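Number of protein chains: 2
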Amino acid sequence: MLRTPTNPRSTPTAAERSFRQFIRTFGLLERVMQPYFARFGISGAQWGVLRNLHRAEQEGQPGLRLTDLSRRMLIRPPSVTGIADRLEKVGLIVRRASATDGRSKHVALTEKGRQLVEQVLKVHPAQVARVMSALSIDEQEQLDRLLVRVGERLAVLADGIGD
Amino acid sequence: MLRTPTNPRSTPTAAERSFRQFIRTFGLLERVMQPYFARFGISGAQWGVLRNLHRAEQEGQPGLRLTDLSRRMLIRPPSVTGIADRLEKVGLIVRRASATDGRSKHVALTEKGRQLVEQVLKVHPAQVARVMSALSIDEQEQLDRLLVRVGERLAVLADGIGD
DNA sequence: CAGGAAAGCTTAGGACCCTAAATAAACAGA
DNA sequence: TCTGTTTATTTAGGGTCCTAAGCTTTCCTG
Chain A
1 MLRTPTNPRS TPTAAERSFR QFIRTFGLLE RVMQPYFARF GISGAQWGVL
51 RNLHRAEQEG QPGLRLTDLS RRMLIRPPSV TGIADRLEKV GLIVRRASAT
101 DGRSKHVALT EKGRQLVEQV LKVHPAQVAR VMSALSIDEQ EQLDRLLVRV
151 GERLAVLADG IGD
Chain B
1 MLRTPTNPRS TPTAAERSFR QFIRTFGLLE RVMQPYFARF GISGAQWGVL
51 RNLHRAEQEG QPGLRLTDLS RRMLIRPPSV TGIADRLEKV GLIVRRASAT
101 DGRSKHVALT EKGRQLVEQV LKVHPAQVAR VMSALSIDEQ EQLDRLLVRV
151 GERLAVLADG IGD
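Line order of the protein sequences matches chains A and B.
Read in my numbering, the first sequence has 120 at position 120, and its numbers run on one by one without any break.
Read in my numbering, the second sequence has 116 at position 116, and its numbers run on one by one without any break.
SDA-like, lysine to any residue: derived pairs with alpha carbons at most 25 Å apart:
{"hint": "1", "chain 1": "B", "residue 1": "K122", "chain 2": "A", "residue 2": "A15"}
{"hint": "2", "chain 1": "A", "residue 1": "K122", "chain 2": "B", "residue 2": "R20"}
{"hint": "3", "chain 1": "A", "residue 1": "K122", "chain 2": "B", "residue 2": "A15"}
{"hint": "4", "chain 1": "B", "residue 1": "K122", "chain 2": "A", "residue 2": "A158"}
{"hint": "5", "chain 1": "B", "residue 1": "K122", "chain 2": "A", "residue 2": "D159"}
{"hint": "6", "chain 1": "A", "residue 1": "K122", "chain 2": "B", "residue 2": "V156"}
{"hint": "7", "chain 1": "B", "residue 1": "K112", "chain 2": "B", "residue 2": "G82"}
{"hint": "8", "chain 1": "A", "residue 1": "K122", "chain 2": "B", "residue 2": "P12"}
{"hint": "9", "chain 1": "A", "residue 1": "K105", "chain 2": "A", "residue 2": "G82"}
{"hint": "10", "chain 1": "A", "residue 1": "K122", "chain 2": "B", "residue 2": "I23"}
{"hint": "11", "chain 1": "A", "residue 1": "K122", "chain 2": "B", "residue 2": "A158"}
{"hint": "12", "chain 1": "B", "residue 1": "K122", "chain 2": "A", "residue 2": "E16"}
{"hint": "13", "chain 1": "A", "residue 1": "K122", "chain 2": "B", "residue 2": "R153"}
{"hint": "14", "chain 1": "A", "residue 1": "K122", "chain 2": "B", "residue 2": "Q21"}
{"hint": "15", "chain 1": "B", "residue 1": "K122", "chain 2": "A", "residue 2": "I23"}
{"hint": "16", "chain 1": "A", "residue 1": "K89", "chain 2": "A", "residue 2": "F37"}
{"hint": "17", "chain 1": "B", "residue 1": "K122", "chain 2": "A", "residue 2": "V156"}
{"hint": "18", "chain 1": "A", "residue 1": "K122", "chain 2": "B", "residue 2": "A14"}
{"hint": "19", "chain 1": "B", "residue 1": "K122", "chain 2": "A", "residue 2": "T13"}
{"hint": "20", "chain 1": "A", "residue 1": "K89", "chain 2": "A", "residue 2": "R103"}
{"hint": "21", "chain 1": "B", "residue 1": "K89", "chain 2": "B", "residue 2": "S79"}
{"hint": "22", "chain 1": "B", "residue 1": "K122", "chain 2": "A", "residue 2": "A14"}
{"hint": "23", "chain 1": "B", "residue 1": "K122", "chain 2": "A", "residue 2": "R20"}
{"hint": "24", "chain 1": "A", "residue 1": "K122", "chain 2": "B", "residue 2": "T11"}
{"hint": "25", "chain 1": "B", "residue 1": "K122", "chain 2": "A", "residue 2": "P12"}
{"hint": "26", "chain 1": "B", "residue 1": "K122", "chain 2": "A", "residue 2": "R24"}
{"hint": "27", "chain 1": "A", "residue 1": "K122", "chain 2": "B", "residue 2": "R24"}
{"hint": "28", "chain 1": "B", "residue 1": "K122", "chain 2": "A", "residue 2": "L157"}
{"hint": "29", "chain 1": "A", "residue 1": "K122", "chain 2": "B", "residue 2": "T13"}
{"hint": "30", "chain 1": "B", "residue 1": "K122", "chain 2": "A", "residue 2": "T11"}
{"hint": "31", "chain 1": "B", "residue 1": "K122", "chain 2": "A", "residue 2": "R17"}
{"hint": "32", "chain 1": "A", "residue 1": "K122", "chain 2": "B", "residue 2": "E16"}
{"hint": "33", "chain 1": "A", "residue 1": "K122", "chain 2": "B", "residue 2": "R17"}
{"hint": "34", "chain 1": "A", "residue 1": "K122", "chain 2": "B", "residue 2": "L157"}
{"hint": "35", "chain 1": "B", "residue 1": "K122", "chain 2": "A", "residue 2": "Q21"}
{"hint": "36", "chain 1": "A", "residue 1": "K122", "chain 2": "B", "residue 2": "D159"}
{"hint": "37", "chain 1": "B", "residue 1": "K122", "chain 2": "A", "residue 2": "R153"}
{"hint": "38", "chain 1": "B", "residue 1": "K89", "chain 2": "B", "residue 2": "G41"}
No wet-lab data here; the hints were simulated from the structure.
Bear in mind the structure is a predicted one, so any value in this text is a computation, not a measurement.
Work out the full structure: start from the sequences and follow the hints.
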C-alpha cells in the first residue's frame with residue numbers, strides 16, 4: 001500500500017511543480033490584494049479599469065473604448081461591460097457615445113474617479129513592494145523574464161484554441 | 001505634454017514589472033486551461049477537487065471532508081460547497097455524513113468520477129509540459145523557487161489581514 | 001455537567017470571468 | 001448601391017471566488 005518507485009506521485013517533474021506553485025501563489029496574491037483594494041471600496045478588476053483610464057489621460061487620451069480596455073486587460077468584452085456598469089453606478093467613470101463611430105462608447109474617469117486613482121497611487125507602489133520584497137531586485141527581474149517567456153508560450157497556445 | 005524624467009510612468013521598478021507580469025501571465029494561463037478542461041466537461045476548480053480526492057484514495061483515504069478540500073485548495077469553505085454541489089449533481093462525487101463527527105461530511109469519487117480522473121491524467125502531464133516547456137528544466141526549478149518565496153511572503157501578509 | 005466557544009457546513013448576496021448569441025453600425029466588394 | 005462581413009457593445013446563463021451570517025454538533029472549561 002506504500003508508494004512504489006513507479007508511482008508517478010513520487011516524482012513530480014519540475015514542470016509540474018512550477019505549474020502548481022504558480023497557481024498556488026496566484027491564489028495567495030488574490031487573497032492579499034482583495035482586502036487591500038476593498039479598503040478603497042473597489043475590486044482588483046475595477047482598479048485595472050481605473051488605472052488604465054488614468055494612464056490614458058496622462059498620455060492625452062480623454063477616454064478609452066470598452067474594446068481597448070478589453071485588450072489591455074486581457075479579458076473579454078462582456079467582462080468589461082460588467083465592470084464598467086458597476087464603476088458607472090458609483091460615479092467613478094462615465095460612458096459617452098463616440099463622436100466618430102456610432103458603434104463604440106468611450107469610457108472616462110469622473111473627477112471622483114480621478115481622485116480615487118490618485119489616492120490609491122499614493123500607497124500602491126508600497127503595497128507592490130511589500131509583496132515583491134520577498135525577492136531581491138535581481139530575482140524580481142529574473143522572475144519577470146521567466147514569466148514573460150511562459151506568457152509568450154501561453155499566448156501562442158491561447159491563439160490555437162479557436163481551431 | 002510629453003513624459004518628463006520625473007514621471008513615474010517612465011521608470012517602472014522591477015517589483016512593479018514582475019508584479020504586473022505575474023497577474024498578466026496568470027490571466028493567460030486561465031485562458032488556456034479553461035478550454036482544455038472544458039473538453040472533459042469540467043472546470044479547473046472541479047479538477048482540483050477530483051484530483052485531490054484521487055490522491056487521497058491512493059493514499060488510503062476513502063474520502064475527504066469539505067474543510068480538508070478547502071485547506072488543500074486554498075479556497076474558503078463556501079466555495080467548496082458550490083463546486084461539490086455541481087460535481088455531485090453530475091454524479092462525479094458523492095457526499096456522505098461522517099460516521100465519527102456529526103458536523104462534517106465526507107466527499108468521495110464515484111466510479112464515474114474515478115474514470116474521468118484517470119482519463120484526464122492520461123493527457124495532463126503533456127498539457128502541463130506544453131505550457132512549461134517555454135522554460136528549460138533549470139529555469140522551471142528557478143521559477144518554482146522564486147514563486148515559493150513570494151508565496152511565503154504572501155502567506156504572511158494574508159495572515160495579518162484579520163487585524 | 002452545564003453553557004459558552006469553536007468547528008463544519010450551508011445559504012445569501014456581490015463581483016468576476018467565460019462563451020454564445022443578439023443588436024447596431026461601419027466597411028467593402030460586386 | 002446593395003448585400004455580406006466585420007466590429008463594438010450588450011444580454012443571457014453558467015461557474016468561481018469572496019464575506020457575512022445562520023445552524024448544528026462538538027469541545028472545553030468553570
